[in-house]
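These protein sequence lines are chains L and H, in that order. Under our numbering, the first residue of the first sequence is numbered 589, with each subsequent residue one higher. Under our numbering, the first residue of the second sequence is numbered 550, with each subsequent residue one higher.
Just so you know, these hints were derived from the structure itself, not from any lab. Incorrect hints may appear among the rest.
In silico lysine to aspartate or glutamate, DMTMM-like type, Cα no more than 20 Å apart, as pairs [what the hints assert, rightly or not]:
1) Lys-642/H - Asp-661/L
2) Lys-1033/H - Asp-702/L
3) Lys-939/L - Asp-764/L
4) Lys-716/H - Glu-755/L
5) Lys-939/L - Asp-587/H
6) Lys-716/H - Glu-746/L
7) Lys-616/L - Asp-587/H
8) Lys-616/L - Glu-902/H
Computed spacing ranges between beta-carbons, pair by pair [as the list claims (entries may be wrong)]:
9) Glu-600/L - Met-953/H: 49 to 55 Å
10) Leu-848/H - Ala-604/L: 24 to 30 Å
11) Glu-600/L - Asp-993/H: 18 to 24 Å
12) Glu-600/L - Arg-713/H: 40 to 46 Å
13) Tyr-639/H - Glu-746/L: 38 to 44 Å
Where is the CB? At the ideal position from N, CA and C, for every residue including glycine.
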Amino acid sequence: MLARTGHAQLDELFAAIPAALRLGRVLKVPEGLSEQEVVQHLGALAARNEHAQAGPWFLGAGAYAHFLPSAVDALVSRAEFTTSYTPYQPEISQGTLQAIYEWQSMLAALTGLDVANASMYDGASATAEAALMAMRVTRRRKVVVSEGLHAHYRQVLETYLGGLDAELVSVPRGPDGRSASAAERIDAETACLLLQQPAFLGTLEDVAAAAAAAHAHGALCVVTVSEALSLALLQAPGALGADIVCGEAQSFGVPLSFGGPHVGFLTAKAAHVRQLPGRLVGQTVDAEGRRGFVLTLSTREQHIRRERATSNICTNQGLCLLMATIYLALLGRRGLRELAELNLAKAEYAKARVRQTPGLRLPLAAPTFNEFVIGLSEPAAAALARARSQGVVAGLDLARYAPELGPTVLFCATELASRESIDRALALLAGSGA
Amino acid sequence: MSANATNGLAYEEGLLFEQSRPGRRGAELPAADVPRVDPRALLGPLVRDDLPGLPEVSEVDVVRHFTRLSTWNAAVDLGLYPLGSCTMKYNPKLNERVARLPGFAAAHPLSPAERVQGLLALFFDLEQLLAEIAGMDRVTLQPAAGAQGELAGIMMIRAYHEARGEKRRKVLVPDSAHGTNPASAALNGYEVVSVASGPDGILHPDAVAAVMDEQVAALMVTNPNTLGLFERHIAEICEVVHAKGGLVYGDGANLNALLGIARPGDMGIDVMHMNLHKTFSTPHGGGGPGAGPVAVKALLAPHLPVPVVARRPDGAFEWRDDLPGTIGRLHGQHGNVGMLVRAYTYILSLGAEGLRRCSEMAVLNANYLLARLEDTFHVPYPGTVMHECVLSDRNLADTGVTTMDVAKRLIDHGYHPPTIYFPLIVPGALMIEPTESESLEGLDRFADALLAIAEEARTAPETVRSAPHRTRLRRLDETLAARKPVLRWQPDDAGR
Chain L
589 MLARTGHAQL
599 DELFAAIPAA
609 LRLGRVLKVP
619 EGLSEQEVVQ
629 HLGALAARNE
639 HAQAGPWFLG
649 AGAYAHFLPS
659 AVDALVSRAE
669 FTTSYTPYQP
679 EISQGTLQAI
689 YEWQSMLAAL
699 TGLDVANASM
709 YDGASATAEA
719 ALMAMRVTRR
729 RKVVVSEGLH
739 AHYRQVLETY
749 LGGLDAELVS
759 VPRGPDGRSA
769 SAAERIDAET
779 ACLLLQQPAF
789 LGTLEDVAAA
799 AAAAHAHGAL
809 CVVTVSEALS
819 LALLQAPGAL
829 GADIVCGEAQ
839 SFGVPLSFGG
849 PHVGFLTAKA
859 AHVRQLPGRL
869 VGQTVDAEGR
879 RGFVLTLSTR
889 EQHIRRERAT
899 SNICTNQGLC
909 LLMATIYLAL
919 LGRRGLRELA
929 ELNLAKAEYA
939 KARVRQTPGL
949 RLPLAAPTFN
959 EFVIGLSEPA
969 AAALARARSQ
979 GVVAGLDLAR
989 YAPELGPTVL
999 FCATELASRE
1009 SIDRALALLA
1019 GSGA
Chain H
550 MSANATNGLA
560 YEEGLLFEQS
570 RPGRRGAELP
580 AADVPRVDPR
590 ALLGPLVRDD
600 LPGLPEVSEV
610 DVVRHFTRLS
620 TWNAAVDLGL
630 YPLGSCTMKY
640 NPKLNERVAR
650 LPGFAAAHPL
660 SPAERVQGLL
670 ALFFDLEQLL
680 AEIAGMDRVT
690 LQPAAGAQGE
700 LAGIMMIRAY
710 HEARGEKRRK
720 VLVPDSAHGT
730 NPASAALNGY
740 EVVSVASGPD
750 GILHPDAVAA
760 VMDEQVAALM
770 VTNPNTLGLF
780 ERHIAEICEV
790 VHAKGGLVYG
800 DGANLNALLG
810 IARPGDMGID
820 VMHMNLHKTF
830 STPHGGGGPG
840 AGPVAVKALL
850 APHLPVPVVA
860 RRPDGAFEWR
870 DDLPGTIGRL
880 HGQHGNVGML
890 VRAYTYILSL
900 GAEGLRRCSE
910 MAVLNANYLL
920 ARLEDTFHVP
930 YPGTVMHECV
940 LSDRNLADTG
950 VTTMDVAKRL
960 IDHGYHPPTI
970 YFPLIVPGAL
980 MIEPTESESL
990 EGLDRFADAL
1000 LAIAEEARTA
1010 PETVRSAPHR
1020 TRLRRLDETL
1030 AARKPVLRWQ
1040 PDDAGR
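Next up, chain H with everything else stripped away, as it sits in the complex:
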């Protein structure tokens, strides 16, 4: 088998709490230079007795514990992580260095603007850069992730309609959309209406027109969509929506295909979020933090969240919150600033040519993988793709091997599986996004692994169905976890 992972020394490691021994600790406090206070004497019944749910472990215990845990994770720095729509590209180490400069990492959100001019200048500059890349007019950097960006965008759309005296109640969402799209619309009180993709996997103006009326506040669209296909009718679709007074929200999750090549703003999109942790290389951190800046056309600028950064005539930067149409504040402070610093660093490093090159290579890589795999795996929507391609398990149906099995077997080859069973419109979907970070040799090894698994599905299907075989743990029982939820360790679990 064409594996790039072999057996190594894997450590077992229990829960922190099971290693706890009375009196151990991993941090020493400085000697008190002020009189001690008896909390009970001062605060009486407001004070608790003890913290029995916290462990007592030494610094070495803690370091070994988390180092061992880390070895159980797949990661971009270990190998290809082709999770579709997540853009798991390489995260330059420079980003990390810069974000740790004390002038960024130890700055306080409530320092007066004149004392943090470097950060405000960075905000101002990053907004301009993102607006140019997206083809939009203004940007808010507050949203902490893509989904909060969607929420902000939907709120601005609501504010826009209400400012015109209109109460619209519906939002259109294609059936290929990310789950966050309908959830964001619903969280802001909208009724979600699904729009079917065409037989070619993309949206068609007539399908949108059929459900478009004066009750529709917006259409949410992802371009390229989750099949990796460019929505080639996007301009006409935007016209259909605009003609009835609606706006178009762009989900920027897949912007990595378009940098410097085409801009959502030029297609008719009115508002969109960008995932800095996808397109702009900030690390995904095991689930976050991300950042989801939202770019808008001028017609939505009066509704941006506050505060916004502005440049005064004397060149200094200031916060402004006197925006009469604002949706209000979205983040407790200024957003995930550490991520903004990293993304800014990335854009400055790549420059205009580098950004374009990044999208060109991401698209080339996806098409190369598709070319290597399309004779073996079923391709539900054949043709040239953008930054990701979607396969399915249909050609394996007679072997009993499913997409889940293929994904788990890929782990034995040392790869994180692609996104699976999404988009929902493709049964047994395998959604592969290699990003621009992979070399030809790396792509070939990954394609070889998938082809070997397809072959193995015919020769030894049980081996595939029972994968993974080489991980520390075998397949985990998710049904048990949901049926009998055990969501925390408790002190009386100690004897287990």
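Only chain L is shown next, with the shape it has when bound in the complex:
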């Protein structure tokens, strides 16, 4: 082989690299390991992490423990999906393309909007990209943001807007947990009003009122969803007037995986499609008139438009999008709705128990979906540690996120929570179950 290249030594192939730039030593990387050794080493690291399959789990806050049907992993493990890449050559990528088209169709239906793109990195970057898109559509520079937005999403939004001529204005949380007085912060410079549904603390916002307030000043209404299952129960934000609906679809069959890979989504009205970031799949026909699918409207994208693209995104979260598409197909029209109602029932049961439990309270009065705030009578860290000592992960300590509420935890009850485990977790939080 080497001779065919016209060289005598392998090293000659690297002659273009000046000697001074060669490493000239062996990398300080351990010697290679056999497959068995790697499995043992990584298995030991994995064993040092608590996880949602080990016991009762009530921690959500943007990453949700739901049951994963067996068919999802079996299908996405097919190498034809796993080891292919971006469907640039449509004749040999129809599997990926048709699945993305089905995803776009289902996401548009769930959010009540016209078009969905082929995924963003995560809910946080989808939110930041939605704000940038609203700024392009309106040619305005102010983004009015609810404090109900996940703190990490807010931080990512600040990072993305950091180098730009943009202004962030906060909408405070009212006493019942919903955003209050958004309207008075919106003006003729406002590109969008951005709120999360359900809000980070689990409360349900009045999207219709928010959209009306934004539209009164010619601004867009952007709704971020971090618990996508809520879309199966709540009014589609698009039907209530939202112009862009974005967020995180991890709840649709994607493993927690310590926070990623998950799957961001971004949906919008057809009128704004030219400002949409990311890839889009469209229907077309082949040379013999048969239906097929291709990447389309790519003049928005970086590989064509370069510095004038709507975003720099290239590689996205394709395989996670496929997981979500398969999950949505399995659950389907009835199953997804019933699952959402089951989540609601579990959380409402837990809320009822909280009301009956001395030492626990519900500080926020607004309605919720599957996640809500519990007030405690001692520091949350102590209560959560007590629960963990009994193998129960009983929620998120809100000391960092909402200190003004006093000692509180954010408690999430999905279909995985049994009645007995809810009772036990609440007893542990109240200090009576250890």
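Starting from the structure of chain L, add chain H where the hints point.
For chain H alone, kept in the frame of chain L given last:
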């Protein structure tokens, strides 16, 4: 024809929605052990009526549907996938097994650090390994893909200049760069200035010097570049940029050529991303997820995204977000962790010698293919290449056959085409990256196919121009798709 694919049984398969029948479902829910709640009674007008856009299909329907769809895809596990600059190497099955361990796959991003020490230890170790491989000082694992890594790098460069009281407004990008480079710079508010490559396909210090001034925040450079050529003047170019106070960003898309041989940090690069889905074997997943860790020199370390992993004196690991100069948080959680686990697995499997061997074989394979093809196809920049080679359709001009036709005809031979019409500086480019995963016999079959197509362009050009012939669908009408966008199925499409 020297095909390695023959006709097989190909299934037709409609959209999920067209198979929907009322009452069918593919998943059963557990019985409720808590009282049922009437959502309308509880939430009133907040509740929607129905989900008419979702299908009603059985589990078998779903399994057959997606299994059939999968058979319409080309994939690395089916054959050579020589997409230039994408490094479609074999993805070891071990990676998949490890990433599915519940201690990784079911771990929660908001668990307290002391409860996820195995993951923090992995982060810490992977950062050290990537820093050593890149020749840099620190690494952030947050970026979800190469383009987000570029954005992070540009933001850190901005923060660096601003911390020194400087507001620079321009970023230099060579004309051979990936489209993400200018897009990333623009997304962070920079004006993009293009730098022309020299007649030999590489950047020259004088070309950079001609546009370099105190308004330039950074030069973004890919090395090896998208022609597969090593930027041999890189050290001098870095000096030119540094002399005017600028920094140099390295696009690590082509790092697969350099593992254990040369390190971007030693060339003067200040900050770079690595594509774990390219160089470090995490699967491409039909378009993602990837991961784009960013490595920096010490001067940019104060500006890393937060949180960062640190080791305490007692040996335990913790998250730190008290970095005064940080650009902030870039990912909603900790990045595409499942990809980090796979890449870590790959590095541990190969070890130092294995990594070097991988780059040596990737470069040998690219040069072997070039040697087999250079007498037939036009080579715009002749000579030894690194991990990929770029050909063009110029020698076929008199046949009417274009690069697009050659690419489509390759499909009939059972190959995914190379990257085409990129880099933009080569008209009709065919950018071929075989990676280290291919054997001599596999490379020969691929070269034979390309040579057969070149011959066919002379003897039967219409056959090439109308390819592919053996796929389920023929060439697709992309103009129609863009002119009349149909971007979703809707319930009233049912009768179509």
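Structure-based check of all given hints:
Pair hint Lys-642/H plus Asp-661/L holds up; C-alpha atoms about 14 Å apart against a cutoff of 20 Å. The straight-line distance between the Cα atoms of Lys-1033/H and Asp-702/L is roughly 14 Å, inside the 20 Å bound, and the hint therefore holds. Among the hinted pairs, Lys-939/L with Asp-764/L is consistent with the structure: their alpha-carbon atoms are about 15 Å apart, no more than 20 Å. For the hint linking Lys-716/H to Glu-755/L, the alpha-carbon distance of about 19 Å falls within 20 Å, and the restraint holds.
With a CA separation close to 15 Å, the supplied pair Lys-939/L and Asp-587/H stays within the 20 Å bound. Pair hint Lys-716/H plus Glu-746/L holds up; C-alpha atoms about 19 Å apart against a cutoff of 20 Å. As the CA atoms of Lys-616/L and Asp-587/H are separated by approximately 62 Å, the hinted pair breaks the 20 Å bound. Restraint check: the Cα-Cα separation between Lys-616/L and Glu-902/H comes to about 10 Å, which is no more than 20 Å; the hinted pair holds.
Between Glu-600/L and Met-953/H the C-beta distance comes to about 35 Å, which lies outside the given range of 49 to 55 Å. At roughly 28 Å, the beta carbons of Leu-848/H and Ala-604/L sit within the given window of 24 to 30 Å. Distance hint check: the CB atoms of Glu-600/L and Asp-993/H are about 22 Å apart, consistent with the given range 18 to 24 Å. Range check, Glu-600/L to Arg-713/H: about 44 Å between beta-carbon atoms, so the 40 to 46 Å window is met.
Between Tyr-639/H and Glu-746/L the beta carbon distance is about 40 Å. The supplied range of 38 to 44 Å therefore holds.
Violated hints, listed in ascending order, are 7, 9; each of the other numbered hints is respected by the structure.
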